[in-house]
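Enquirer: Chain residues, written in single-letter form:
Protein chains: 2
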Amino acid sequence: MAPRDLHSTWARLLVQSLADAGARDIVSSPGARSTPLLVAALAHPDLTVHSIIDERSAAFFAVGQAKVTGRASVLLCTSGSAGAHYYPAIVEASEAGVPVIAITADRPRELQGNKAPQTIDQTNLYGRFARAFCDTGMPGETEDELRSLRRKMAQAWSRAHGAKPGPVQINAPFRKPLEPCEANDEDRGPRKMADEIAREPIVRAEQPVARAHPDAIERLAGRVRMARRGVIACGPGALANGKARAALYSLATRLGWPVLAESTSQFRFTGESSETRIDFFDTVLRSARFRAQMKPDLVLSIGGTLTSMSWPLYRAEHPDAFLALLSEHDWADASNRAREIVFGPIAHTITTLARALDRRQDAGNDSVRPAPVTPDSIGPDPQWLASWKRADAHAGKAVAGRFENDAPLTEGALTHYLVHALPAGSLLALGNSLPVRDVDWFVPGAARDLAVWSQRGANGIDGLLSGAAGAASKWPGRAALYVGDVSLLHDLHGVLTAVHAPKPLTVIVPANGGGRIFDLLPLARKRAVPQEALPYWTTPREPDFNALARSLGAACFAADTVSSLEKALAESHEMPGCTMIVASIAPRTVTAEQDEIRAAATHAIDQDHA
Amino acid sequence: MAPRDLHSTWARLLVQSLADAGARDIVSSPGARSTPLLVAALAHPDLTVHSIIDERSAAFFAVGQAKVTGRASVLLCTSGSAGAHYYPAIVEASEAGVPVIAITADRPRELQGNKAPQTIDQTNLYGRFARAFCDTGMPGETEDELRSLRRKMAQAWSRAHGAKPGPVQINAPFRKPLEPCEANDEDRGPRKMADEIAREPIVRAEQPVARAHPDAIERLAGRVRMARRGVIACGPGALANGKARAALYSLATRLGWPVLAESTSQFRFTGESSETRIDFFDTVLRSARFRAQMKPDLVLSIGGTLTSMSWPLYRAEHPDAFLALLSEHDWADASNRAREIVFGPIAHTITTLARALDRRQDAGNDSVRPAPVTPDSIGPDPQWLASWKRADAHAGKAVAGRFENDAPLTEGALTHYLVHALPAGSLLALGNSLPVRDVDWFVPGAARDLAVWSQRGANGIDGLLSGAAGAASKWPGRAALYVGDVSLLHDLHGVLTAVHAPKPLTVIVPANGGGRIFDLLPLARKRAVPQEALPYWTTPREPDFNALARSLGAACFAADTVSSLEKALAESHEMPGCTMIVASIAPRTVTAEQDEIRAAATHAIDQDHA
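As you go down the protein sequences, you meet chains A and B in turn.
Take 1 as the starting number for the first sequence in our numbering and just add one per residue.
Take 1 as the starting number for the second sequence in our numbering and just add one per residue.
Calculated from the structure, these hints are not laboratory results.
In this text, a Cβ means the ideal position worked out from N, Cα and C, and glycines have one as well.
Any given hint might turn out to be false.
[As the list claims (entries may be wrong)] Pulled a few chain A residues facing chain B out of the computed Cβ check, cut under 8 Å:
#1 Pro30
#2 Thr539
#3 Met575
[As the list claims (entries may be wrong)] With a straight-line cut-off of 20 Å between C-alpha atoms, the simulated EDC-like cross-links for lysine to aspartate or glutamate are:
#4 A:Lys526 <-> B:Asp333
#5 B:Lys176 <-> A:Glu317
#6 A:Lys176 <-> A:Glu206
#7 A:Lys152 <-> A:Glu196
#8 A:Lys176 <-> B:Glu200
#9 B:Lys397 <-> B:Glu596
#10 A:Lys176 <-> A:Asp121
#11 A:Lys243 <-> A:Asp449
#12 B:Lys176 <-> A:Asp333
#13 B:Lys164 <-> A:Asp121
#14 A:Lys152 <-> A:Asp195
#15 B:Lys176 <-> B:Asp187
#16 A:Lys176 <-> B:Glu596
#17 A:Lys152 <-> A:Glu141
#18 B:Lys526 <-> A:Glu182
#19 B:Lys152 <-> B:Glu200
#20 B:Lys567 <-> B:Glu404
#21 A:Lys397 <-> A:Glu272
#22 B:Lys176 <-> B:Glu200
#23 B:Lys526 <-> B:Glu596
#24 A:Lys243 <-> A:Glu196
#25 A:Lys164 <-> B:Asp121
#26 B:Lys176 <-> B:Asp135
#27 A:Lys526 <-> A:Glu596
Kindly generate the complete structure, drawing on both the sequences and the hints.
Expert: The following block contains the structure:
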């Protein structure tokens, strides 16, 4: 008896349904069990198939794409432990609210629980980190089975793009044969039926649009109206936050409040100077005197938890300040002191808040419960913003001028020239640990108009090259990733992924002896562990990064001076594929550089506030 | 107020308790949150700390160690997504029954659920793949808290080494400061109490010893006594199975039954010729005529599911053969046709079975229910074993003599010379996909006395370098890994892990254009997909493996002829650290080589059985 070809029909309908729902990118890792789906995906005119060997790298690539597109990329892998490698990126996607669909091909039910090779229980493989799980069941041939498959794909898509977008797992078992067969007589009926079903429009199941609750906006507007000394703090946020820039700065200007915007918020690198932005707020807030004197009465926190290490000190020293949070969907209150959390899309919430402030306060509105009004607490403090701006100027002076000469490279110089070398509209991808901080320490927001890609969902040092390669593959302009050497070693396969990705990516890695963030922690600063034990934290396993990059197919530049860095950056931006710039920086440089800047800034700020 | 140092006391007691329970190896990945535990582990005289950047690689390393030692290695990582990288190795450990303890450091409870950085819900991170989960709670100072910590460590150890050993997760939250502090007055009491508790002997909680059920042994002995044509098939098994070799072959000789032992069973590479072992059973069973004529009445399957692709054909063509399974703990019956499964340690079960056969059948024993006795079914068939051995000789002839000349390298020649170059008592680590099959196809068991390390729990192509490096770090003799190029690219960080591992490892990788197992599948053989789509399965992403290995610190040899291979193997065995031998093999060679061998063997066997 000739084998049936039901699996090809089933796979085609599955893939067509995902495409009809909105899928455009399939990220496939090699394996036999996923063959029917890969064959169908390769044949589909609207789908691009990316092939990445390591499922972990593939998953970060897919999540990186979706951070740019807002649309789930579809992961496809074989059965067994393959799907387990998606877990770290699934965690990041779940935490960051990024849609992704993971299809784990599976063995049929008769090969479950009896130690058939490459067979594990794949049910709900990602536990609470997946928004939904569905099992397609074995390829079926009745109309109801075929329609249920199409419905499940519509559901998976809908649930991946819900109130807080996230990962969805689809488990898809197939029996051998896995490759397409000659259709026999029995196959023709189901195939015809599947084709007809696939030609019908797919059910659209749009999740509702979230909008900030009007009562919350009114309450917040009441608070804001009464505040004399407010601070707007912008933590990590989606690329879409870039649309809220004008509204945010117009609100800040009108209130006379400083904007502390870290790079990942999308509010920092506007390419324009600003009368409200405090570029070097992390440095400014190192001054204990400044922190003490600048008592806020309201903090408007936008997006995720700020990366700055000095911001929490400031917050903790003024626990009575009313803390309001504008958040897309996260309870991002690491201080446990929030008083009002307004959920909803950031741009819309800011616009609505501004409009509410325009309206006269309606004292009869029950939902507004202002704090008791005292003479001291009405109207903005005219000195407030000016003090912040003056301190920021001091900090800026401590930074400026450091990177002019052709001196040995420092983290500061690297960051400075990297940002300035990028064309406006580029995507700057930032690694966690030091890179995401370096940029805020060393580069003012007027330097460039940039979108900033990061992985601040779980804030890991993992999957950064893979994720940035995925983001670059969808970004209309240039893309560059600044990533630490330990992160690079953690995501070695990401180099291969970036090399084979459809669009160029420049990777800048400081070869500084690994894990230098630990130099900044008490562990090293206070010599709390013996010096010879420090490598267990800093992991100085420097391979020959140049040779490594080249062996994997990346172009590579070595830079050890400002001029060689500038040259490498300029050349890399003209090159296709993955280019790696290995910047040699002496270990511990960042500590010294930071100490100097902080000392100079604090000295000037303290004098000002004597 | 000076900070408390409770966390150091707590971490010391935790680490001391694990060491008292039996831990010897800590595999740590860098991070801040795990600092108290890493400090305590580094200070402990009985513990060796291995530092591996990528948690995924670290976990496979730990599991590789435990496959050799039988003792859980202890993983240690920071909070957030770090622990998610353990997942693939946790899956392998769970499926293969290997003990491992994963300590995920965590943020304190007050930083849970409010988007503090590097904070996710780490509860039960590995779902059903962990045997147990415990949370230590925050560092405490009462006697009961301290005693509970010690008890939880004893429990974790006990549960990791249970009936089927496996992974246990310990979640350990810490609050800042994380580095050791000057102990203040308040700290002295708890520290003294913890030291006293740690000096008491830890509770021993040995899991019961498993022994095959006597009734099962009797039933099976009854069946075996009546069988005329039995087959002993040995699938993947733990290294400890090596102890059962003498018992197994003595049983087979006495019964006159062929032993089909794949390399991963530990029963193949004995270094001695055998009157019962059928070395090339996979090739022999490619002959449809042989399969049809050699009707078995009993199959005694030992260990896991056989890797051979022809074995299931043979089994399926004789569904009436009584299938008995000797298994340590797995229901390893991919055919769904087992009639008797005897759980228990393999060596002991075989010995007990042999002893039961020695006793006269006691017809009055209710637990023995022999099949109806017919004249045809009593006593062994004297031609049975001879036919198998003759067929094996034909297959052996088709293989032998192929690798004599200094011809271009093939998979066969590579495997042949690799095994012969290893000193007796070496550890041969085999990658999945082709390597694990190559050895069975090309090398007879008399070639060498070897222990064979593999990852046949979930049979993935993942974590093989990392796992082998872990196994090598604990093996008393030489260790060599034969691994495919796609597997190597999947586990790139494994090269770095092997380079920094405490003992040498030779890695032999065939550079053959990637994923050649797909050449052997219908997908390629029947041209079921267009040729230009094949790379999506074979993934021919050949980097410069030599340069890659060198950049990461491995010594490297390139081999493209038998003589250069032999030279490289000889030299590598003298070298410390990680040595990589990149063997250039033309893509598709394996298909042609296999086709030739199978054709010659089948021709000779078919003539014999005409």
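Enquirer: Holds or violated: lysine 176 (chain A) and glutamate 596 (chain B), Cα atoms, limit 20 Å.
Expert: Violated: lysine 176 (chain A) and glutamate 596 (chain B) sit about 26 Å apart, past 20 Å.
Enquirer: Between lysine 526 (chain A) and glutamate 596 (chain A), does the CA-CA distance stay at or below 20 Å?
Expert: holds (18 Å)
Enquirer: Assess, step by step, whether the Cα of lysine 176 (chain B) is no farther than 20 Å from the Cα of aspartate 135 (chain B), and give holds or violated.
Expert: holds (18 Å)
Enquirer: Hint check: is the beta carbon of methionine 575 (chain A) less than 8 Å from a beta carbon of chain B?
Expert: Interface hint status for methionine 575 (chain A): violated (18 Å vs cutoff 8 Å).
Enquirer: Between the alpha carbons of lysine 397 (chain B) and glutamate 596 (chain B), is the straight-line distance 20 Å or under?
Expert: Satisfied, since the Cα-Cα distance of roughly 12 Å is no more than 20 Å.
Enquirer: Would the stated hint for threonine 539 (chain A) survive a check requiring a Cβ distance to chain B of less than 8 Å?
Expert: holds (5 Å)
Enquirer: When you check the alpha-carbon spacing of lysine 152 (chain A) and glutamate 196 (chain A), does it fall within 20 Å?
Expert: The hint holds at about 17 Å.
Enquirer: Measure nothing beyond the straight line between the CA atoms of lysine 526 (chain B) and glutamate 596 (chain B); if it is 20 Å or shorter, mark the hint as holding.
Expert: holds (18 Å)
Enquirer: Given the hint that lysine 176 (chain B) pairs with glutamate 317 (chain A), test it: the Cα-Cα distance must not exceed 20 Å.
Expert: Holds - the C-alpha atoms of glutamate 317 (chain A) and lysine 176 (chain B) are around 17 Å apart, at most 20 Å.
Enquirer: Would the pair lysine 164 (chain A) and aspartate 121 (chain B) pass a check requiring their Cα atoms to be no farther apart than 20 Å?
Expert: holds (17 Å)
Enquirer: Between lysine 243 (chain A) and glutamate 196 (chain A), is the straight-line Cα distance small enough, at 20 Å or below?
Expert: Distance ~41 Å between lysine 243 (chain A) and glutamate 196 (chain A) Cα, so the pair is violated.
Enquirer: Holds or violated: lysine 164 (chain B) and aspartate 121 (chain A), Cα atoms, limit 20 Å.
Expert: It holds: about 17 Å lies between the C-alpha atoms, which stays within 20 Å.
Hints 3, 4, 6, 8, 16, 22, 24 from the earlier list are contradicted by this structure; the remaining hints agree with it.
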